[in-house]
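In order, the protein sequences belong to chains A and B. All residue numbers in the first sequence are consecutive under the numbering used here, ending with 625. All residue numbers in the second sequence are consecutive under the numbering used here, ending with 625.
If you're looking for bench data, these hints aren't it; they were derived computationally from the structure. Bear in mind that the values here come from a model prediction, so they are computed numbers and not experimental data.
If you want a taste of the chain A side facing chain B, the calculated C-beta under 10 angstroms gives, among others: (1) 54; (2) 233; (3) 412; (4) 431; (5) 571; (6) 575.
Residues from chain A that keep clear of chain B, each with C-beta distances beyond 12 angstroms, as calculated: (7) 15; (8) 43; (9) 81; (10) 264; (11) 357; (12) 362; (13) 444; (14) 611.
The list that follows gives simulated cross-link-like pairs (lysine-lysine, DSBU-like), each with its CA atoms no further than 35 angstroms apart: (15) B/328 with B/549; (16) B/500 with A/13; (17) A/59 with B/59; (18) B/580 with A/479; (19) B/504 with A/13; (20) A/566 with B/566; (21) A/22 with A/479; (22) A/328 with A/566; (23) A/50 with B/59; (24) A/566 with B/504; (25) B/50 with A/59; (26) A/504 with B/549; (27) A/181 with B/63; (28) A/328 with B/500; (29) B/352 with B/538; (30) B/500 with A/580; (31) B/546 with B/352; (32) A/440 with B/580; (33) B/181 with A/63; (34) B/566 with A/538; (35) A/479 with B/504.
We put the beta carbon where it would ideally sit given N, CA and C, even for glycine.
There are 2 protein chains.
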Amino acid sequence: MEALDYHAEERRKAEFDLEEMKIVWAGSRQNYEISDRMARLVASDPVFRKDNRTMLSRKDLFKDTLRKAAHAWKRIIELRLSEEEAHMLRSYVDQPAFTDLHWGMFIPAIKGQGTEEQHEKWLPMAYKMQIIGCYAQTELGHGSNVQGLETTATFDPQTDEFVIHSPTLTSSKWWPGGLGKVSTHAVVYARLITGVQDHGVHGFIVQLRSLDDHSPLPGITVGDIGMKFGSGAYNSMDNGLLRFDHVRIPRNQMLMRVSQVTREGKFVQSDVPRQLVYGTMVYVRQTIVSDASCALARAVCIATRYSAVRRQFGSQNGGPETQVIDYKTQQSRLFPLLASAYAFRFVGEWLKWLYADVTQRLQANDFSTLPEAHACTAGLKSMTTSVTADAIEECRKLCGGHGYLSNSGLPELFAVYIPTCTYEGDNVVLLLQVARFLMKTVSQLGSGKKPVGTTAYMGRAEHLMQCRCEVERAEDWLKPSVILEAFEARAFRMSIACAKNLSKFSNPEDGFSELSPDLLEAAIAHCQLIVVSKYIEKLQQDIPGKGVKRQLEILCNVYALHLLHKHLGDFVTTSCITPKQGALANEQLRLLYSQVRPNAITLVDAFNYTDHYLGSVLGCYNGNV
Amino acid sequence: MEALDYHAEERRKAEFDLEEMKIVWAGSRQNYEISDRMARLVASDPVFRKDNRTMLSRKDLFKDTLRKAAHAWKRIIELRLSEEEAHMLRSYVDQPAFTDLHWGMFIPAIKGQGTEEQHEKWLPMAYKMQIIGCYAQTELGHGSNVQGLETTATFDPQTDEFVIHSPTLTSSKWWPGGLGKVSTHAVVYARLITGVQDHGVHGFIVQLRSLDDHSPLPGITVGDIGMKFGSGAYNSMDNGLLRFDHVRIPRNQMLMRVSQVTREGKFVQSDVPRQLVYGTMVYVRQTIVSDASCALARAVCIATRYSAVRRQFGSQNGGPETQVIDYKTQQSRLFPLLASAYAFRFVGEWLKWLYADVTQRLQANDFSTLPEAHACTAGLKSMTTSVTADAIEECRKLCGGHGYLSNSGLPELFAVYIPTCTYEGDNVVLLLQVARFLMKTVSQLGSGKKPVGTTAYMGRAEHLMQCRCEVERAEDWLKPSVILEAFEARAFRMSIACAKNLSKFSNPEDGFSELSPDLLEAAIAHCQLIVVSKYIEKLQQDIPGKGVKRQLEILCNVYALHLLHKHLGDFVTTSCITPKQGALANEQLRLLYSQVRPNAITLVDAFNYTDHYLGSVLGCYNGNV
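Working from the sequences, and respecting the hints, build out all of it.
As structure tokens, this is what we get:
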């Protein structure tokens, strides 16, 4: 069929400069150019086709993944791609593979926790993929609770070795990607035992399979854990299980940057601060937030394009039916998600800055901002991934029945995405960490210790407890200062209310446990405030391009006001706003939807996704579904 | 391994008579016995094994489905099962198959819309499965909007035939289950044309495939539409596409109970009221609500059992870690879903009564309650299925990482369930119908026309606009009258607010469209009120068994108060309750969770699901995960 553009008319309606918006989305012109080049490289290469992926049997799917990983590796070498380019190319291949863990976890773990000598020994082999590694932390019985891991690494001073062992069924390593079939090595987390002493969990490099014939080494039981959610999706990954029966490794395969075991079996801590580990967590979670905006944008792109093509009802006088994107019910579900994609993008960008800042401070032995940075990234990881998971499913519903077909791309996107809510910290556990940090911050308010970073607003305690929203007309809700104050006051008052209720318990831990559902809500309010405030900060920057800033302002207001409507109970019961002001916000929100409408298609074009990457018959660029 | 019961201690804690609760859940002792017998019959038959289902290729999965359908049919005949027993047996086989449509849609359509002669001709063949039928309504371009269907059935007076034709690409039938590979016949919905007149959409029996060699008949293009969400799941169904190229059928294959075309080509309406069609919709939707409670109960059963086995964190002094079901965050997510399962069960039971009532009235030509019954079932279908779909996914998350494995049973349950939100009326479209009915009811309040059935509360307009909630202490929230009034006032005031805003528009349709997001919320408030009120009515009945009623009261309060907390903004901004009363409700809710806790495992045992039916390694009866 001819490459007719069914969206051409929609694109003519746009009121802003698309090319500039693409650069804003990508973060910089350079990012945009690399991303664009890598996306096209993948899209134009027949080896990377993925449209038949959901039809493959598990075995064929896995073979297909191996083929793509090998081909990607070949292209990366042939084209001499930089590490950044290679990373982007792999992400556009868009098929979970053992290489994700090799590059994303195994190598960083050695880099971060290994000594110089360990770097020299292991990294060159890993970079050349002569060895392939995975990250074996989670156990069958132990997910979020890393300190509860049961695998042991007992030092044997006689042979100068560690004996790695799985003492129970629940201590079996379970889930690590790349482990089931491919990896030759793993970074294994185990309890370090010297003599009768348990020194807690440390990392060890363990060879799992022979480099000659790939068979498991003696004492090692390894396998694939079976089918996972969805067809295609994470079934391309060989998530595995692993048991050790007294497997011996040389002492120098303990990752010894932070702690060491000497030849005599003495446990010593180096002077490298343990806090460095938190720096890595900030890094990983920042990546996850950035990925959340990508996944969300992808689902929103499909749903928006399809909503402009799909027509249902409303035909009068025999004319065409109404585009479903013109229905307010569709807009009120879709546009907040579009706004969220941009909001998460900008907060992700800010997190990159935060990570750089934290790193710099750590190098100068300044740990003062670390707890706040840690709480903030934990909260944002939790909030953005939970919202994104739900939003992908919402976008599927917004495509009506056809969203249920695999070729809409949405079922697989959902299935691939949802584990993000669990790995790198279960989302509920993370929010409770945030809540704990908030309660600590509140408790120190009187002490003269000033709250920093994203909790700085709590320093204005008196004002936030007293302030009253001054909105009188719907358009007053467009002022950033009004929005910001309402979100600050709500978050602060919820924290204060929790602190007050907590103080009624004689045992604080009992109180924390009993009130944890309320604490979660306070933590969410705090995280939403961060996203809103970082978006508003972004808008204070100079943003070039005709109409670009204006569109971003509209989306910022949509983001904030839809949250306000959704959590109206929070805002009203804490007296931050009146019911009447809530109704005005809702009225303003409706007007904003009308302003988004003509720009919707172009706003998703700005994500610059290729049809290959979207992988959806409903979401293709020209609208020919 | 030995059949050790890991839940034995949990079961000892129960404060009620499990056997009596099983009967309450099943609806009657007789239902319980049939259901129990059928479930065991299926569970003990190796042909019905399904634990490897998600690993099968599409082709093998489809073969497996055919084998099971044939075996079920064989057993039904051998055991001379009643229609009710057969239906239950098929549902416990738990694998979507063409037989669902044959028995559930094709036969009922002929029964409901066919004449006596048509019954005599077609039903015996269908009952013996000499012909297999499907239900071909939805088209590629037309889902919810049945009146927009494009397929035509043009009467040819020369040959006394209808010519069935697909004039456009969008008119292709798309989705019907059983169509892709199996069906020999279909009830096809098409626009009836006589001469130049279009009489709207009617049903026609069309043979699709040869009864000799199963090849498609001339003029018929038929095929499977491809992979759908999930592995296993609905991929066992041959959802199909169908195009007609001037296919001729005899005139007597139009379903002619309500309208006829004579030999001369004259279109006549019979005196059978068209409203009968709505009776059928009430029936189908009542079934869907009942199925929602089953699906929800299944997910809740898995998540509850696993939450009692899974331990994470909280170990002190080297003791075992805390059962995750003891965490308040887990309880506050899980127990409202448990309560919802019971609530939906009872409202489904009430809908059965409503259907019987409507049927009786229709037979007496009394159509007065039909619009209300129609709105009520539409709303309940929408609300219960949306909640259930989200709840299954929430239960999966409540199982942590392991919920993501196919063998947890939850991914497939989710994938199988979610289409329910779209078929038989898209959930948003249905809620808008409810909203329309509510606005009509409000507009007639002054006219002396009394609102009936589930809208009867609107007759107490003056009281509901003025009443103030009298809660002063948390335990006041346990009074059914207090809860009921708060929900009635909230629903009513939201409807009134919408009506007031609507009146500001000069064109009511523009207003309805512009305010549709608010109207949806008002409709949801109304539907939640129905569920709460029917649950409270149920509790006014005599319910035997030690502690049974008490447990159901606790769950009723959990159901109502968790909704109140979730929609606090509605209740407070309409001044139905004060912020303080909202906080007391939340406090009471926490106490209720503690009361549910010791009974949780036994409350899910009452669903009486076999391990086979649950199909989950996490949810098995003895807790040996």
